[in-house]
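Trainee: Protein chains in written order, with our numbering: chain A, 128 to 441; chain B, 252 to 900.
FYI, nobody ran anything at the bench for these hints, they're computed from the structure. Ideal Cβ placement from N, Cα and C applies to all residues, glycine included. Careful: at least some of the hints might be erroneous.
Unchecked claim - Among chain A residues calculated to face chain B with C-beta under 10 Å, some are:
| no. | residue |
| --- | --- |
| 1 | ALA157 |
| 2 | LEU221 |
| 3 | LEU296 |
| 4 | TRP382 |
| 5 | VAL409 |
To be verified - Pairs of lysine-lysine, DSS-like flavour, derived with a Cα cap of 30 Å:
| no. | chain 1 | residue 1 | chain 2 | residue 2 |
| --- | --- | --- | --- | --- |
| 6 | A | LYS182 | B | LYS475 |
| 7 | B | LYS468 | B | LYS401 |
| 8 | B | LYS557 | B | LYS537 |
| 9 | A | LYS182 | B | LYS797 |
| 10 | B | LYS375 | B | LYS320 |
| 11 | B | LYS797 | B | LYS600 |
| 12 | B | LYS320 | A | LYS182 |
| 13 | B | LYS320 | B | LYS557 |
| 14 | B | LYS320 | B | LYS401 |
What the hints assert, rightly or not - Label pairs and their calculated CB-CB ranges:
| no. | chain 1 | residue 1 | chain 2 | residue 2 | range |
| --- | --- | --- | --- | --- | --- |
| 15 | A | GLY145 | B | GLY656 | 30 to 40 Å |
| 16 | B | ARG598 | A | ILE397 | 54 to 64 Å |
| 17 | B | GLU495 | A | GLY145 | 47 to 57 Å |
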Amino acid sequence: MIRYTAARVVWLAVVVLGVSVVTFGLGVLAPGDPAELALQLTLELPPTPDQIERKREELGLDRPLAVQYARWLGRAARGDLGESYVSGDAVASLIRERLPRTVLLASAALALSVLIAVPLGVLSAYRRDTLVDHICRMGALVGASLPGYLLAYLLILFFAVRLEVLPVLGFDSAQHLVLPALTLALGSAASLTRFARAAVLDVLGEDYLRTARAKGVGTSRVLFAHALRNAAVPIVTVIGLSLGGLLGGAFVVEWIFSWPGLGELAVNAINAKDYPVIQGFVLVTATAYVVVNFLTDLVYGALDPRIRLSAEGR
Amino acid sequence: MTRLVSRTRNRSRQDGFTLIELLVVIVILGILAGVVVFSVSGIDDKGESAAEATDARTIRTAQEAFFAKNGRYAGSVEELVEGGFLASPSDYHHIAPTSDGTGYSIAAGQPVGDADQTMTVGYKADPWANSKLRLSRFALDAGTCETLAKVRNDYSVGERLATSWELINPGNNPTYKTGGVNNPTWRFRLRPGVTFHDGSAFTAQDVKWSMDRLVSKGDDFTAKLGAASSVVVDPQTIDITPAESNLRLPEILVHPTYAVIKDQTEPSTMPATASTVVCTGPFKFKSYTQGDRIVVERHDAYWGTKARLRELTFRFIGDATTRRLALEAGQIDAMYDVGRSQVAGLRAKSDLDVVTAPPSYVFNFYMNLAGTDPAYDELQSPSVRRALALSIDRQEFVDQNWEPGVATVVHTPSPPSILGSHAPMIQGVPFDLAQARQVLDADGWTCGGGAPGANTACGADEVRQKAGERLSLYMLSSTNNADDPLLQDLRSRALKAGIEIEIGGNLSSAQRTTRKNQGLWDLDHTNPNQNDANPAFLLTLQWWSKSVNPWVSCLAATPPNCGPWQQAGPAFDALVERALASPTFDGAQRYSAEAMDLLFDQEVKIIPLAGLSRVYAMKKGVAGFTPPHPAESHLNWSTVYRTTASSDL
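Throw the hints in and build the complete structure from the sequences for me.
Mentor: So, in structure tokens, the structure goes:
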């Protein structure tokens, strides 16, 4: 297990370095002069060439690209992601302030998603080709097809406007978390349900399950202790991918519900062409994605000894 | 017998009542009390009705007196109080003027729990999320900070922190001269007894600090102040001498940019606190959470009419649909910026009011009048410009794209009310498709290769040509969306006259700016707001040769990133300069109107397409808001209150 983990850590570092190169490249490839953009965002009048030149020196944009990257990487490693062109605030502090809210939302959405999708997937697989199965599959199809923003508006209309049982926006209490988390969860649960169903179907025909049933093991235990356990690897994969996606992709939901998380920060930064913030956001969410996948790999190893052993060369 | 008499005598000496007698008396007293109570409550009701009727009559009388002095009716009860026409605000009524200011109605509305009302308003995305915290300028002023003068609903200028001002010409500040003569100085006399939110006294030093700070940060772009412009004469008097001669200073200083903050404070400091945001307004800063809300509370020591609301919260809700749903769900009491597509739906709701302000910004076609690139020089031809204007049925354009009352046909690039009685001078270019075709044809832009003047009929969607060149105009799209329905509508109208409009969508902000500054465009469209009371404001920014905008001059930039693309010419400049130099406001309005008449009627160097109104929606029972100021940044929330209870989530 130690060798397996160490190998994964090395790979993690390589991937994160690659992400940093791409993130830095974003700023280089972005249209417009960053110095001019930074001045445009803070001055009333168009900046003069002298002002632009001074700003370029201030931002270190007159140095070679490799030097700029090295400086940027060094600062990023120390937690300094630069300053917002617009507000002048440290990007790291902006992200630090909002990251917990996005993590809270994503975690709640993931938990809901798993609670909805896994039982439905197992049930759908067990009741294959029955009415229950068709309903679950149709529901998953609709959930996967429905755009997130539309789902958000429908939930607001029903629960907040018609029934008046939940608030439309805010983040002060658990009540405020329900609708945005549900919106994210339903979208993600749709695909997770189908994965769970497929994974469980794969193992339902296995001999050891037939043996277990023959030995008198109850249906629930067969499904959840045996079938689900063996179908867990692909399900865990999708859950891991979902979390990464939720962390980085809650843009629309955060915008609609005015949830002041990373997604909302990113939308504002994109609208304002605030590249340091955009870069910081991309770096943090990409790193989060990579770390989640790393943790998912570790969970694989714990779930399925065959994966761990083959990675260790046994 | 004696014993009988003795017993009788004894009995008569026992003063008191029997139980029955007491009960009878109590019942009679109860009946009497009931009669009195009902009578008194009836008297109270009648008294209250009489008080309300008297209150309404008093307001009407005050309005007539206001009209006799000012030539218009007051927009609110508070305006009557400030002008000395009423002793105190009304507890029963508020004034709802008509949007053209010619009339008014007195609407009933009694505050609920007057001293303790709160309200939540849904604003757009946080205006300070993408800029330094500037609580005293632009967009959401939140009623915290005040300027020396104020702009009323009709764009006239009134007293606020300054009670009077006079022009000293030539001025008394030798630092700034024009042609060897001191620039005019404006002397402002400040209102006594005003305190900041922290209780400190408001003095001229605070004004100096506020103006000097703007200059040092480069945030003054219309008043033309210099580092030495503001001079304290005494604690209640300050002289301001613009670095460039400016007789429109009072009208310009109504802009929220020029709000007065306390000496040595810096509202841009984050996190914002009550000690960094110190102003004099009817509301004081309470808290600000970036991206979420700003909360202000009533300033109980305010010098003017106290705000009705104890606390006012502005929630930042970037998504327009969410904003609307939050209003319908009752989570907010009012909302800003009802979108075009939302107006009809909200008007249909019986529990909501939709309120439209007078036109505050104009959707205009700007033109490149001096393009040096051959691909962008078509609009140098007066015929092409006039034909384009003739080809657009602006009334139909407005009717088909906006709900009634939200947009109107105007002939001025600024809201017409800024020109006062001179607005009718500008007649506009009427829609006449046949004439548009004739004008183009006579100018050599023909269809099917016909000779000039032959007036050969054009096929549907056929683009005119001249010497092999298509009459195609490139339009910058500020929405970065070539599919914008408004732009597509305009495109189809111009095509009927044989003019093709190519919409340059999907440009980044930087690309758009570059093209604009380098003159690589024919048409542009923007909707600038009129946030101050200077009739020549927009003219000086967009067409005056001394504008610092790089698409008008190279005064603040260098070629190729600047050019005279929108300069309107010397005759226009002369009129604008007369407007700026006019010692009277009426003169400024008149010359500005003449400049606009030249710009549109005579030379068609701009096409005002629609005068747009800000639209707000609120729950029924929200009073004191109708109709609001044309400009969003001058909304007065201190007059707003509730006439029915509503709950906050």
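Trainee: Confirm or reject each hint.
Mentor: So, going through the hints one by one against the coordinates:
1. ALA157: 9 Å, holds
2. LEU221: 9 Å, holds
3. LEU296: Holds. Min distance 6 Å.
4. TRP382: With Cβ-Cβ at 6 Å, under 10 Å, it holds.
5. VAL409: 18 Å, violated
6. LYS182/A - LYS475/B: The hint holds at about 25 Å.
7. LYS468/B - LYS401/B: 23 Å, holds
8. LYS557/B - LYS537/B: With Cα atoms ~17 Å apart, LYS557/B and LYS537/B stay inside 30 Å; holds.
9. LYS182/A - LYS797/B: 27 Å, holds
10. LYS375/B - LYS320/B: 39 Å, violated
11. LYS797/B - LYS600/B: 50 Å, violated
12. LYS320/B - LYS182/A: This hinted pair is violated, its Cα atoms lying about 55 Å apart.
13. LYS320/B - LYS557/B: 25 Å, holds
14. LYS320/B - LYS401/B: 18 Å, holds
15. GLY145/A - GLY656/B: 30 to 40 Å: Check failed, 57 Å falls outside 30 to 40 Å.
16. ARG598/B - ILE397/A: 54 to 64 Å: 34 Å Cβ-Cβ, so the 54 to 64 Å window is violated.
17. GLU495/B - GLY145/A: 47 to 57 Å: 55 Å, holds
Hints 5, 10, 11, 12, 15, 16 from the list above are not met by this structure, while the remaining hints are.
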